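Okay, here's what each chain looks like letter by letter:
2 protein chains.
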Amino acid sequence: MARWEPGARERLVIAAVDLFTEQGYDATKVAEIAERAGVTRSTFFRHFADKREVLVAGQEALSGLLAEGIAAAPDGASPVEAVSAGLERASNAMGPVNRELAPRIQAAVAASAELQERDALKSVGLAAAMTTALLDRGVPDPAAHLAAELGLLAFKSGFARWSAANRDDPTELAQHAQVALEELRAAAAALG
Amino acid sequence: MARWEPGARERLVIAAVDLFTEQGYDATKVAEIAERAGVTRSTFFRHFADKREVLVAGQEALSGLLAEGIAAAPDGASPVEAVSAGLERASNAMGPVNRELAPRIQAAVAASAELQERDALKSVGLAAAMTTALLDRGVPDPAAHLAAELGLLAFKSGFARWSAANRDDPTELAQHAQVALEELRAAAAALG
Numbered sequence: 060m061a062r063w064e065p066g067a068r069e070r071l072v073i074a075a076v077d078l079f080t081e082q083g084y085d086a087t088k089v090a091e092i093a094e095r096a097g098v099t100r101s102t103f104f105r106h107f108a109d110k111r112e113v114l115v116a117g118q119e120a121l122s123g124l125l126a127e128g129i130a131a132a133p134d135g136a137s138p139v140e141a142v143s144a145g146l147e148r149a150s151n152a153m154g155p156v157n158r159e160l161a162p163r164i165q166a167a168v169a170a171s172a173e174l175q176e177r178d179a180l181k182s183v184g185l186a187a188a189m190t191t192a193l194l195d196r197g198v199p200d201p202a203a204h205l206a207a208e209l210g211l212l213a214f215k216s217g218f219a220r221w222s223a224a225n226r227d228d229p230t231e232l233a234q235h236a237q238v239a240l241e242e243l244r245a246a247a248a249a250l251g
Numbered sequence: 060m061a062r063w064e065p066g067a068r069e070r071l072v073i074a075a076v077d078l079f080t081e082q083g084y085d086a087t088k089v090a091e092i093a094e095r096a097g098v099t100r101s102t103f104f105r106h107f108a109d110k111r112e113v114l115v116a117g118q119e120a121l122s123g124l125l126a127e128g129i130a131a132a133p134d135g136a137s138p139v140e141a142v143s144a145g146l147e148r149a150s151n152a153m154g155p156v157n158r159e160l161a162p163r164i165q166a167a168v169a170a171s172a173e174l175q176e177r178d179a180l181k182s183v184g185l186a187a188a189m190t191t192a193l194l195d196r197g198v199p200d201p202a203a204h205l206a207a208e209l210g211l212l213a214f215k216s217g218f219a220r221w222s223a224a225n226r227d228d229p230t231e232l233a234q235h236a237q238v239a240l241e242e243l244r245a246a247a248a249a250l251g
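Line by line, the protein sequences give chains A and V. By the count of my numbering, the first sequence reaches residue 251 at its end, each step adding exactly one. By the count of my numbering, the second sequence reaches residue 251 at its end, each step adding exactly one.
Isolated chain A, as found in the complex:
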């Protein structure tokens, strides 16, 4: 009996990342991903528009969590404190599967120009979601854009540290992201 039984969507992501790792992104067909995940092709297409979208699965959910956390920050919070609240909320939604898959997803993206484009658009989308949430709080531009970029860099950097850390290191993603954000905040104040 499997230790855990992820839903079809998660199984599709895992199957896709496994296949991209084994045989490359270009050589992998949707039908193979579906077969490996034990679902039909039409189930695949209920979850993803194409194989590329599998690797940015969760972008909308992630954008939503970042924005919600920013919106829910206390009234007097500075832009960076609001971003911190967004990172906290988004980080808490990431689990062991995200952590395990991250290095292989990164390798697949690094090996494919097509995936790099999609990944770049994902970054732009996350930053835009945070920018909008900050503007909605009354943070003026360009502080809103800038704080959102800080948040994006902190999330990426925190995620990279989290997925690279030993599995017996109990530091959670949220902590890694906060440390990265604090480093960025200090760097921002010292840019000259």
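Any given hint could turn out to be false.
Since copy identity is lost for identical chains, a pair holds within one copy or between any two.
What the hints assert, rightly or not - SDA-like, lysine to any residue: derived pairs with alpha carbons at most 20 Å apart: (1) Lys88 <-> Ala172; (2) Lys215 <-> Arg226; (3) Lys181 <-> Ala170; (4) Lys215 <-> Pro199; (5) Lys88 <-> Leu174.
No wet-lab data here; the hints were simulated from the structure. Every value quoted in this text rests on a predicted model; they were computed, and no experiment measured them.
Fit chain V to the given chain A structure using the hints.
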């Protein structure tokens, strides 16, 4: 006699932007772009891999100018001062054609998911070029990443103001970019 006779590459960019504006990006074929520009299809393909690349023409040149300007900044320059030197060098390479085409390129990008991805990758590439140039100067991370993002935001914002300004406004792109950079620097220092 034409007032100026741009080379094939520039004619292809202008023809492509005209056609994308008139009939949309998806409906435009490479053969039409070549015909409008008065060149053969094979000349098109000597300059661009596909029609999408036309709209990010100059990305490599731009990355190179930003990096060169950063590298050539005086020894004691702060990260933001180095970025400022990069923006100065890149801005001075932009001319009236860039300014005229900008709003239509922006409209074409806004109307096409495919172009948005390519445009996002262009932004990532420009930031990466500046980050590398700053690291090469000995700027530590995350200050290097952050200063590069400031530079990217300043260049985009300066470019948008420049192309939106009245044509009798003598403010040059370099000035718009410096003003935007100064706003971002002040915002960075006040992020909280």
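Would you list, in rising numerical order, the hints stated earlier that this structure does not obey?
When the structure is compared with the hints, none of them turns out to be violated.
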